[in-house]
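Trainee: Residue numbers (this note's numbering), protein chains in the order written: chain V, 1 to 331; chain C, 1 to 331; chain H, 1 to 331; chain F, 1 to 331.
Calculated directly from the structure, the hints in this document are not laboratory data. Take the hints with a grain of salt, since some may be wrong.
[Said to hold, decoys possible] Over 10 Å on every C-beta distance to chain C, these chain F residues come out as not near it, computed from the model:
#, residue
1, D23
2, Q71
3, P72
4, M86
5, Y222
6, D248
7, E252
8, A267
9, F282
10, G297
[What the hints assert, rightly or not] Distance ranges between label pairs, derived from CB positions:
#, chain 1, residue 1, chain 2, residue 2, range
11, H, A153, C, E80, 30 to 38 Å
12, C, A157, H, P149, 30 to 38 Å
13, C, E291, H, P149, 55 to 63 Å
14, C, E40, V, L103, 38 to 46 Å
By construction, the Cβ of each residue, glycine as well, lies at the ideal position given by its N, Cα and C atoms.
Number of protein chains: 4
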Amino acid sequence: MQFLSDNAASVHPRVWDAMRAADAPDSPYDGDALSISLDEKMSSLFGRESKVLWVATGTAANCLALAAMVQPHGGVVCHEEAHIEMDECGAPGFYLHGAKLLLAAGEGAKLTPDAICAVIDPIRDDVHQVQPDAISITQASEYGRTYRPEEIAAIRALADERGLSLHMDGARFGNAAAFLDLPAGEVAGAVDALSFGFVKNGGMSAEAIVFFDTALADVAHYRRKRAGHLQSKGRYLAAQVHAMLDGDLWLENARSANAAAAEIGGACADRLMHPVEANELFVRCTPEEREALRQQGFGFYDWGDDAARFVTSWNTREEDARALAKAIAGL
Amino acid sequence: MQFLSDNAASVHPRVWDAMRAADAPDSPYDGDALSISLDEKMSSLFGRESKVLWVATGTAANCLALAAMVQPHGGVVCHEEAHIEMDECGAPGFYLHGAKLLLAAGEGAKLTPDAICAVIDPIRDDVHQVQPDAISITQASEYGRTYRPEEIAAIRALADERGLSLHMDGARFGNAAAFLDLPAGEVAGAVDALSFGFVKNGGMSAEAIVFFDTALADVAHYRRKRAGHLQSKGRYLAAQVHAMLDGDLWLENARSANAAAAEIGGACADRLMHPVEANELFVRCTPEEREALRQQGFGFYDWGDDAARFVTSWNTREEDARALAKAIAGL
Amino acid sequence: MQFLSDNAASVHPRVWDAMRAADAPDSPYDGDALSISLDEKMSSLFGRESKVLWVATGTAANCLALAAMVQPHGGVVCHEEAHIEMDECGAPGFYLHGAKLLLAAGEGAKLTPDAICAVIDPIRDDVHQVQPDAISITQASEYGRTYRPEEIAAIRALADERGLSLHMDGARFGNAAAFLDLPAGEVAGAVDALSFGFVKNGGMSAEAIVFFDTALADVAHYRRKRAGHLQSKGRYLAAQVHAMLDGDLWLENARSANAAAAEIGGACADRLMHPVEANELFVRCTPEEREALRQQGFGFYDWGDDAARFVTSWNTREEDARALAKAIAGL
Amino acid sequence: MQFLSDNAASVHPRVWDAMRAADAPDSPYDGDALSISLDEKMSSLFGRESKVLWVATGTAANCLALAAMVQPHGGVVCHEEAHIEMDECGAPGFYLHGAKLLLAAGEGAKLTPDAICAVIDPIRDDVHQVQPDAISITQASEYGRTYRPEEIAAIRALADERGLSLHMDGARFGNAAAFLDLPAGEVAGAVDALSFGFVKNGGMSAEAIVFFDTALADVAHYRRKRAGHLQSKGRYLAAQVHAMLDGDLWLENARSANAAAAEIGGACADRLMHPVEANELFVRCTPEEREALRQQGFGFYDWGDDAARFVTSWNTREEDARALAKAIAGL
């Protein structure tokens, strides 16, 4: 019973079907009908004009989005535990040509205007210090927390005031939307670009960069090719995105994962380091307790010395979630 | 009847099967059983110890291989019509951090020791000029020409003499091997790294970087992640590579494409700009002739003003190849 | 009697004087009075609003100017023998983050609209090929040739038509101006930025980047610091630039160097590979003839197998020029 | 009476003299006699084989040294208040092609093995996180603190254990040496490269990168040119370094600056945020007190809300130091 991560789960049958249906030849790269129609479908979902680029990974999505916003001598404000800082092997340094991540603190791996100001206000307005060009937030955050619309609006207002672009890493955007139970456009808020993740949510190898500031998409088109991310059989990636959007599969899958997480969280509320607002649980437990859980067949990562991280997936079985809930309760 | 390119053809059924078979969860990234076993399978194929990294595109494969060989202040000798120079949107400049492509001439888009020396001998051995670190050749070349083992050996000898690494872009390596009818190890020769292409040969989204100089693979592992090319569900890429190698599907597919090209080439030998040694044909024909072919339903690219390029695929139908052959003969 | 280059000549006494006069403490970096007043002085010289940044080398000047014009995924059209291509160790690749130099041919190392079009017209307007962002020309060229105002105007018109920026490498701008005998503004023409060289013309360690498209200067200010070129005692560089401009020392020195070159050129017109329009001479001569000249005490560089390059300096003595002229005539 | 910084002070007369003496033409770049002889002179000073490159700024020195040690996908452990982190506009990101600064805490802007371990021990040994390649320490530190030989030795031992290179930013190395009163070799310890600063210590525009790991110098030679830092009249920079080393002018100047700082520090020991071990003083004082000092004609920077920074120079006059000491004491 694996709760290691949602990043290696099986692919949803409807995604497989859509990929197979894309097997007939079409134009290469993103000239095929499926790729071309993504702009319209995503614009409709978000209620804003959108330009969409598929890529294979969240790292590529984040970095290509940011590269369109940030000058090589600029900086990006992000949380000190953001994925772009912690888990991308310096990819932002590569894609942004040495631009700097400016690290802010914040509960639950979430940023606030105050936390952002604490980072950027002390920056002297001179050429000796790296000036910020953008802010990046994660929805849901690295601790499975979600931003409410008014929280994003406050960050957007600050960004506008300071002339900064705003990016959202939505590797688990579906889980946030499912939890918030709000339209996609409100879950994203007025960001300039969203890395809309599908791989962790039942897809195979397709994420979407959604540019709401559509002028940024032109640069990103070149940068995607330059980064070796313009696949010639791109229709198989576009097909995945379509499958996830059609019939709101992305929400259906996310709800399923969230429900499993809620089931588990409900059984160990006193142990939770963070409220469960998506599909990740950070549970205080001793090494001995973790060993006991592993003995019972549960897979998960240690989170420091005193906690464990459990992640549910679109296809986590209810009985497995219940079993884990029971096992933790029984510790 | 499309002869535009092999880069958007359908995926071979055995590749689909292998991908479906990989659907059961396994470790993420390249920690799964399929990814892990690639080293051994490729070592066996080439008869040399090999380290293998899958990536989604040939551009990523080429650039990650070269990035492990070339310093940012160094250079790569390649043909002036090489894919890395002409068709990758400056990806080598990105991945190699500004290193320079040093362009050599050569018939059929092939390099020779003399052509390489013509580029590197005039370089002064001082800090004012970019010094070469590597050579990159393409097998089969951008004009569908193949390197014989002795030609590669001569380039290897020069590389050794000058302390240069040697890379092979094998986007159509299968087609070269099928034409040369030699073991894979001889088709690659003693290169340090091979971009072994499968996407143009019946795969979907997996190429293999095969490091024969295995020390280079360590750097490439980090750089792949840093470039956003380490997919979390990497087992679906590994599965594609396995499917292509199992039962020598890569050769079977390439032979099929080559046979179609040979059929066409046989009907227009006097019009060929280059001997047909793989699955590409460069055929002299007037704009009017091209229009006539298009009227008959053939799809292809113009090649300058006076020629057309036709590319066959693993699934080009015999009757289509025959029809094209007949149509060109009848011009 | 050295004719190796003008790049290591002594510093002009008036430059020394200006540097000594700058010894009193002032604000660091470019906050001192001398640095601040450069904009106005240069604006006056060129008759256009100008923003000026000093740097220590021509390589830094060229690359910082271009970095303000060119995106990392873009390109710069330049002559295949341009200094940025041949003699800067790949500095453009470094400063421009992997952007590409697109090489054009042209007599006398000069570009023409036709030569530029021959490079950029074949570039497909798609993401697979590097798109040009700028053109760079050299005044006087690497072969000591000058652009007439109408030649620059024609290139400017093409640049405007194609949406390209225009940079001028003026390492020997003074020599061009002295030869053309035109106002500085006409010698520069309507370029967006000029690398105005002084080191080869009697300065020590200061070149000026003159931005006529003043919006570009803001980026360049950050990039200069980021490149380690913002010297804290910048007033000593600003002082050099002032000294060169005051009383038109830059023209006086260039005229002196040009006169020496003309003296020599007049004695060997039949041997000249290029008309002498600045302070460089490319003279056909056999190895034996070169040996004979060296025996007589003349220092110079071989230029391939069949020629020699002689460069005069601001302080080349008339008698030395005459002696060389006589020696060549006597071969 | 300026105590703003030592970075814009006048140039020492003996430095001027040496520059003037270098006015006779010699080979360009670093082929002149003065540049060539630096290796030997520096080897003698440090008692270790040394390779020396002059550059114009400390930023260039730091970044070129680190670029020879660190891979683009690697990292550098430094103090969170290190100059490379705080005051170089992201130059390390530029020169190191996106490599990451890994920030450690530590009293007095000094690193300790424990502080370094606190940063690098949590880094997972996988491709998702940036791996450290080097450590950079500052002697004297950004708070004017010095490392004792045993402190450097402990860091060196850790570096060796972890396979890391060790760099020392010696922008104020002279002040550290003067304070410690130890041979240069002990003040530097067993670092692999030292940025030996002269500009803040009476020079004009020359710093020395001293490579004790001499294999690193080869890469740095190319990178210096590529960064536009190889000045053609390099002999004027070499002359400055010689002047500073001859007769131990670097120590004489530093002792003078340190003495002035000690004078001031002695008068306000209870206000000092850090012990005075070089030529910088961080003095607690209210805004009103700072205003009072400025009224008396003293120039200095605020250091946050509750302190002021005073820096003495090689040519700070004794009476000025005494005046400041008295003024602070009288607050």
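Trainee: For which of the previously enumerated hints does the structure constitute a violation, in increasing order of number?
Mentor: 2, 3, 5, 12 and 13
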